[in-house]
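**Student:** Residue-level listing of the chains:
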Amino acid sequence: MVNIQNALLWGYLLVSIVIVPGIITGLIRKVKARLQNRIGAPVWQPLLDLIKLFRKEETLSETASWLFRFSSALNLSIAVYLAITSPWISPRPDTGACDLFLFLYLFAAMRLFTMLGAMDTGSPFGPFAASREATLSFMVEPAAILSLASLALVARSSDLTVVFSNYTSQHWALWVLSGSAFLLASLVELSRMPIDDPTTHLELTMVHEAMILEASGKNLALVEFANALKLSILFGISAQCFLHAIPGLMVNASPTIHGIAGLTGLSLVAGSVGIFESLSVKLNWRAAPEFIAYSLAVALIATLAALGADFV
Amino acid sequence: MSIGSMIIGASCLTALVLVFCCLLHKPNHRIASLLLASIGVLFVSGALLCWNTVTLWHISDWISIGLICPEFKVDSLAAFFLLSLGTITTCCAVYSPAYLHHLADKINSRFYWSAQFAFVLGMAGVLISANAVVFLVAWEVMSLASACLVVSEFRQHRAQRAAMIYLVATRMATGFISAGFLIMYSICGDWSFDSWQFSDHHKWLAASLLMLGLIIKAGVWPFHIWLPYAHPEAPSPVSALMSGVMVKVSIFALIRFFVFGHLTCAPLIYGLFALACISAFWGILFAINQRELKRVLAYSTVENVGLILVGVSLCIWANNLGLTGIAKIALTGALLHSFGHGLFKSLLFLCAGSVDYAAHTRDLSLLGGLAKTMPSTGIAFIAGSSAICALPPFNGFASKWCLYQGLLQSSFTMPLLIDRAITLGAIGLLSCVGALAIATFAKAIAVAFLGNARSPQSRKAKEVPLSMKVPQTFLALCCLVAGVSSPWLAPPLMALIPGTNGLQPPISIFATLPLWQVGLALTVMIMFFYGCVLNKAPHIDRTWDCGFGSLGIKSQVTGDSFAQPIARIFSPILRHKLAIHISGRERRHFPERIVVEPSMVSLLETRLYRPAANILDRISRMIGKLQAGSIHLYLLYVCLALVLVVFAGIFLW
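Chains as they are written, first to last, in the working numbering: chain A, 1 to 312; chain B, 1 to 653.
This is chain B alone, in the form it adopts within the complex (with noise of 0.2 Å):
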């Protein structure tokens, strides 16, 4: 057993002791943060210290959980995977202490730091369990305690919705991965991962049943619906960490069963690739008409993932039609995504949560000017948005151009000329996407950090405390050298994949990646425009107004009026309407009073999930007519069920 591994386990053992420490005992915020922070760290040592070798633990035969014994297993997928926890989990637990303070009477801290030392340990345990029943078992950990993380503020009424509507998802997931497994089980015979291969057309349904599940849980379309209730809602470390990290687990899963457990089902292949086509569409098409920041995040998580499975269902098309080059580039763009996406999207959640601690909402509609008052959040929000928008040299870039250039390389070596039409049509979707999700971050920059402060709590805000301050600022350098250094990163990255006939030998493509280069450059040229052009102070006057006088509060342009362009093109989907009513005696030359309201509806929640919970209602409601609280009724049901088993018993005899 490796050292790394070593550390591994006993943080995991730590924190599963500190779950029940501070269930007992009142936990202090710093304390319990600063354990939570070193277990990132440990979760980081250890990763790297993993990388490239494979440990396998029997935890020895006496304890067992049920059906087998607990077995673990740790390679370098799950190494991947771990550091991007680990780093995520630091940055979380440092930022916590003081944001907890702004939450001060509404959170109970024993549940909130045992859940959150819960949900780490479940994530962890997902990550490197070597059999179906440690996974379920961790992943019901994992899924149990964000749920009650969501809960967190447990007397608002729509932090139960959410916690509600997240819940039925997670049961969803959990029901279809169980299903899976024990198909699995019963063909191979075996819990153990390392045996299940989905090769043979008899393990699809498995295969199927595991997928769903998985995608549910990653928050694919059309089971998305639950994520932009779930991240608002938590405390934005534990956004953070869901949008982060819990959602890439699923992604994590799905690498290893499907990648790496060989899957050559066509149909679901196919599928996989037009739901992640789709999810990337739909979710930045709904974030951008968001008016609450943490919700156009959630969105944002939507199409982040529907990219990373681009990414992974590329990899496993490639590799069944034997092109291993393209598999290890759209492998390396699936995983780089990840562990970027996890980098900067906990950025942002984190800047949303310092907006919110320091103006006190998170409606766009009430913020703005924070980049003067707020300049270290701004300049952090701005760099966790540059990456996200995947703009040249940030990380977002480097795992986006991977996909690009999987997609682009398929679309010249596939043998099937209406799959290349697909991958050179799949680049055309995402570059739609990708000019979108700029407009979405132009908005969410401009209407909370530039212009004037639209109500007097965001007028009166001032930036967060030092520890706030150091993970965001850390994890947007992350993003910053993950960016410039991914030719170096990537290469270990496509080692994971065996093989080595494709057509193009993939290392040598990053040549023409120049990111760092970019960075110098545009970083000596922009130094030398300030030292050169903009070298003298210039004269400060008033924005240009027309000569109507000072500009109001009102004369800003609002982030529903900037996406109204774009909202109004998909109206079919998005359902968005304007209603203008115009008041005044003479309303027609002189309005008094213009109300303007935009209402957007989601189609899948009214038409499809409304409706499907609706029926599920009333059949509960008639199921529950059978519960009448008489106990005649109920010695009638036991004399009927003893006659019907006398009567089975003589039949089946």
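Bound-form chain A, shown alone (with noise of 0.2 Å):
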């Protein structure tokens, strides 16, 4: 019994992390389009997108190194690691702790890979583009430690496992909190609305989108998998601790509500992305670092709150 319902979470999990990746990236777009009076492509598109790209020829620099397509199957074997690894679907299999630290620093060996392999054709956009990379990575990385690092406080712990393993948590501001600040950090990590549109082709001013401009084919099929799955982890993080915000709602359900819960929850967060992407203005270059402090200041009072919350 416990073999079989072990087999149906892996298989739950592993059909999660081909699936939900492109759906969520397709939610998000449905939505804007939505917004913007379009009908859109349909939510399974950029499926559709990786499967024709997994198909078409490669085309690859002469100038590029080992490096770059190196670079691109690491990301994505580090995303494909963290989405079994993490907590940002439930319910999940036991396969085994996730630390914190370890589950940032990966995504960061995925950041130095990325803009190395930017770097590597010689051509000035992606460097350009990894150097706004490494400037909002800085600024944004602690934002992202302290909110997972006041939750931890909180569980003692700083497995990100039995730390979202816990739903009777009191501590529902917190949750919101540390979620709210994470979603902001996820937003400048994944360079998405506020700091770069995704959706334009501006070398000058783009930040993710130039860094891959070289990689092509199936290299480009790994590169949009392993983003659109970074995505879907981040999203999921917050998405996880909105849902361990509302008291009662995990606590003894069954794994099927959990599942229910856990997608709703990821949709949900994704849909706002969309419907905020659509609201927002991208802000000038200069502007950034008045967006980062939001998600730095939301994480600070997450921080005082958890201190708060542990002292007393």
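If you're looking for bench data, these hints aren't it; they were derived computationally from the structure. Here the structure is a predicted model, which means the values were calculated and not measured. There could be a bad hint or two in this list.
[What the hints assert, rightly or not] Taking lysine-lysine pairs in the DSS-like style, the calculated list, with each CA pair at most 27 Å apart, reads: (1) B:Lys-372 with B:Lys-462; (2) B:Lys-554 with B:Lys-372; (3) A:Lys-52 with B:Lys-536; (4) B:Lys-462 with B:Lys-106; (5) B:Lys-469 with B:Lys-106; (6) B:Lys-536 with A:Lys-56.
[Unchecked claim] To be clear about the criterion: a stretch of chain A counts as covered by chain B if any three or more of its residues have a C-beta under 8 Å from a C-beta of chain B, and this derived list gives those stretches: (7) 11-23; (8) 74-84; (9) 102-115; (10) 120-133; (11) 155-168; (12) 247-254.
[What the hints assert, rightly or not] Residues from chain A that keep clear of chain B, each with C-beta distances beyond 10 Å, as calculated: (13) Arg-34; (14) Asp-49; (15) Trp-66; (16) Ala-173; (17) Leu-222; (18) Leu-268; (19) Ser-272; (20) Leu-279; (21) Leu-307.
Glycine included, each C-beta is placed from N, C-alpha and C at the ideal position.
Can you join these two chains into the complex? Each is in its own frame, and there are hints to help.
**Tutor:** Rendered as structure tokens:
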């Protein structure tokens, strides 16, 4: 019985890893299209795009070294590893510990190798984007780590599996604050809307899209998939934070309810990101630190809340 | 006396003999490096045999250095640092002959090798010294020998200046340490370290002097300015040893005195913690804005020393509060990071030396595209950078994880709310430092090794000979192995501090760190993606150039422009300025010539050290007037002195 349940959970996890990233990306695009009075592509369009890319021939720059293709393979591997171990959907099979610092530093490894891949081709666009990415990342990293560390502090463990398995926590405000801070930080980390508009193609201001400019065909498929997976993991973690804030929702609930709640939460986060992206305008590059300051401020408030909640 | 300590003693004696042999007879590079490598191997084997034993040598009383006879002690802490010294010495020795060949007539091999042996001997001597006098002698041998090595290329004006700055720093360090030792001796009445405890408050003056001297030598902010001068000027194997081991020797002394000597002075501990945090941030902030590869590495040493000292100070702090569990994790983090930083920083310095060897420049704005012409060095540099950026599963992550874990656990176990807030804030600061380190090394890798070559000499660069490749590859593998095996390396280090009354059994926390699993999973998946997705040879074409014809060297991004957004944000600290000159008849629409010159000023040097040096200069010029060179004046001094002595004698009688 336990084995069947575990096998089912593994199946659910693996299917989610393959399908959910595409659907979530498609959902955000669909919401934005509807808000712009367009019908928009179907929600599963990104999956079809990925399949198309996997079948296309790859063109590589003559300047690129071995690192260029290695970085995309490595990045997708890291994303898949994190998708298997981190609690971004529920319910999950027992996949061992997922340390908070390991989680963030694996994302940092992804970032380093994306930047290196961008700078490998001798094109000026990639390195400028990488430079912007480096600048954004050092400002947003404290917000990301502090929002999760404040949860870890209250749970007294740096293992995210332990942190997120506690459904009876009374500190709903802390969960909301941490979830919001992490969501705002993820928007920057993923270089989404107020920082960068992923739908326009102006190489001189883009962040992520300009870094992957030289990737094509199968290589681009790996890069796009890794990025969609990263997006789902980051949004999934904040969705789980918000779900934990609803008292009594997930306590003693069956795996089905967990699954429905997890997917709904993730879709709601993605949908609201879509709405937010439709309503906001891309910030001037020099104003980006101000937006990041919001996420850092929320993270600091979460930290104070955690310190206070734990101290009394 | 155990076999291990006999091996260590014998290799120290050999080094001592070799110092004089090299001075008397001009050594062959190969033979000298073979001897140095064997001394390194002996240190490693001796250190491994000495683990978990304590050996005290008391050399017979008729040899005495002035005040006391020499005493040596090899315990686990010393053995751990000797292990690091031995590994890095061996690698540097293997690397040296081919590298020195390229400096052929610029260095004097006689002085170089005798200073090299003296340097290694001095470091080993500090590690195994058991009393203050032996410590000071070995410390001086280490400092002066390294100063000689900094000035190896003695005809270069820059090297002379670097050695001068470095000498001033070492003199200050030795001065403070001697003062601290004298005070401790006057209180304890004993030179032996075993009887030195820093828990009484009347020893705090000595503690603060000692700490000051040691952190000057370790390169902690604001005393770090000698590092970016001394490291780049020394030959690469020497910079590797200086950065990889020598600054760790100061950290070893800090641990020996203040962790094992139970420092209880709260202001000193808080001060050390604050300085460590500032160093970490300041070091990496300057590292990202450097244009020369070895200066980047030198500033990154400042950062890493800061990280290690965060661990050391957290250990002392937690120990005073009785939180042994946290103290153990923090000290493990500090020790692992000392060892790990030794490995990856010496690896990076050796790679920088290889770049210098192949392309004849370390200026990032002249390099580029070396990953294709020097694949082995490129891979080693990327591995070292991944380790220093603390990317899992390399060893940098394991040690940084211990620091994070110690800080996180402090944030819910320390009794005071303010302490908890400080440790949580330090987590945020360290993550910011980590992200900046990634930016720094992304810049270093990309500008030196990726893209197109920026100058003819880097286009013509060839891979270095085998004897330089092997140590690099070996160190890169060490970084990986030490990373994945850290859950097994850590428990013996935790045992260094006795006591088990921590809130959490500290050894079990490594269960949440699946480093080898990460390494294995990533390797399997990467092989899968190469095999199943990227299995066809791609179509090769030019990089997209917007239809403007081929991309030139000038269209590539330089290191300065990569770092510019970060430099702009921190322009109050870095004094970063961009001077842009656009010239041409129609300069608004058709500029003929655009010159952009970034400039940066080190605030500490211009505002603090320069004025201080000027004042010192003025005072010494005034004193210099006394020495006028006139016999009449000197006779007057003699007469005055005589009168003064007579009066003093009458007065004091």
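**Student:** Please go over all the hints and tell whether each is borne out by the structure.
**Tutor:** Quick rundown of the hints versus the structure:
Proposed proximity of Lys-372 (chain B) and Lys-462 (chain B) is supported: the alpha carbons are some 10 Å apart, at most 27 Å. Between Lys-554 (chain B) and Lys-372 (chain B), the direct Cα distance comes to roughly 20 Å. Compliance with the 27 Å bound is thereby established for this hinted pair. Of the supplied pair hints, the one linking Lys-52 (chain A) and Lys-536 (chain B) holds, its CA atoms being roughly 16 Å apart against a limit of 27 Å. This hinted pair checks out: Lys-462 (chain B) and Lys-106 (chain B) have alpha carbons roughly 22 Å apart, not beyond 27 Å.
A C-alpha spacing of about 23 Å is found between Lys-469 (chain B) and Lys-106 (chain B), which places the hinted pair at or below 27 Å, so the restraint holds. Between Lys-536 (chain B) and Lys-56 (chain A) the CA atoms are separated by roughly 11 Å; this keeps the pair inside 27 Å, and the hint holds. Counting residues of the segment 11-23 of chain A whose CB falls under 8 Å from any CB of chain B gives 0; the rule of at least 3 is not met. For the segment 74-84 of chain A, the assignment as covered by chain B holds, since 6 residues bring a beta-carbon within under 8 Å of that chain's beta-carbons and 3 suffice.
Residues of the segment 102-115 of chain A lying with their CB closer than 8 Å to a CB of chain B number 9, which satisfies the three-residue condition for coverage. Only when three residues or more bring their CB closer than 8 Å to a CB of chain B does the claim for the segment 120-133 of chain A stand; here the count is 10, and the claim holds. Three residues within the 8 Å Cβ limit are the bar, and the segment 155-168 of chain A against chain B gives 4, so the coverage statement holds. Figure legend: the segment 247-254 of chain A, annotated as covered by chain B; annotation inconsistent (0 residues with Cβ-Cβ distances under 8 Å, at least 3 required).
With a least CB separation of 34 Å from chain B, Arg-34 (chain A) remains clear of the 10 Å interface cut-off, as annotated. Distance to chain B confirms Asp-49 (chain A) as a non-interface residue, since its nearest Cβ pair spans about 16 Å, more than 10 Å. A beta-carbon of chain B comes within 10 Å of the beta-carbon of Trp-66 (chain A); the shortest separation is about 7 Å. Ala-173 (chain A), annotated as away from the interface, keeps every beta carbon of chain B farther than 10 Å; the closest lies near 18 Å.
Chain B draws Leu-222 (chain A) into its interface by the beta-carbon criterion, the shortest separation being 6 Å against a cut-off of 10 Å. Residue-level check passed: Leu-268 (chain A) sits 28 Å from the nearest beta carbon of chain B, beyond 10 Å. The Cβ of Ser-272 (chain A) sits about 26 Å from the closest Cβ of chain B, beyond the 10 Å cut-off, so the non-interface label holds. Every Cβ of chain B is farther than 10 Å from the Cβ of Leu-279 (chain A); the closest lies at roughly 27 Å, confirming the non-interface assignment.
Interface exclusion of Leu-307 (chain A) from chain B breaks down, the closest Cβ pair being 6 Å apart, not more than 10 Å.
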